[in-house]
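Number of protein chains: 2
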Amino acid sequence: MVEQLETRLDVIFRALGDHTRRAMLERLASGEQTVTELAAPCRMSLAAASKHVQTLERAGLVKRTVRGRIHYVRIDPRPLARADHWLRGYQKLWDTRIERLVQLLRHPDNEPDHTK
Amino acid sequence: MVEQLETRLDVIFRALGDHTRRAMLERLASGEQTVTELAAPCRMSLAAASKHVQTLERAGLVKRTVRGRIHYVRIDPRPLARADHWLRGYQKLWDTRIERLVQLLRHPDNEPDHTK
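Sequence order for the protein chains is F and D.
Per my numbering, the first sequence starts with residue 36, numbered consecutively.
Per my numbering, the second sequence starts with residue 36, numbered consecutively.
It does not matter which identical chain is used: a pair holds within one copy or between any two.
Subject to a maximum C-alpha distance of 30 Å in a straight line, what follows is the list of computed DSBU-like cross-link-like pairs (lysine-lysine):
#1 Lys127 to Lys98
#2 Lys86 to Lys98
#3 Lys86 to Lys127
Please keep in mind that the hints were generated in silico from the structure rather than gathered at the bench.
Model the full structure from these sequences, guided by the hints.
Written as structure tokens, this is what we have:
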């Protein structure tokens, strides 16, 4: 079960590791689009766009519906939530860094203030 | 500038798209470790572990310090914060889904309650 989840996260993060696919998700956040519409602003062939959509599909990030000859694509935000859940486990680490920075800016002698 | 950020995010998400590297980050969250220590629980060669550390280094997720013959690795949470920042842009999408689910569970007739 844990292994399955880990494999799933591998596929999700890898799918997100491409700016064209992230740009597609950004556009899909506003609503369903056809593969042709998704391909247009990227100046890429329909075949290339379709390949990216397939990668997003495998990661569960989008769902494709075929009506007639047209392929409609819509976002499924659940895998994004899963990836975010993993990252938030580390939030404490970067929050602590910001706190330290604020401390340093408040106290130019670079010593944290223990009097408060 | 935007392009640089996009390339950076590509490298970060791809580095996270491997469960061995995520497991390494999980261990590094508790503190600095040597490459040998990182390799041990993964039952992998030092060379294989070093390659994973290199991928994490390229993404800026870890910093390596060499003292004598020993390579120490520590986590840098800033790229994690960057990836999380991107994902949070979509939080509204999954939050809305959860809200809809709660509505459905509250109202077994599957109709949202407009009286409240």
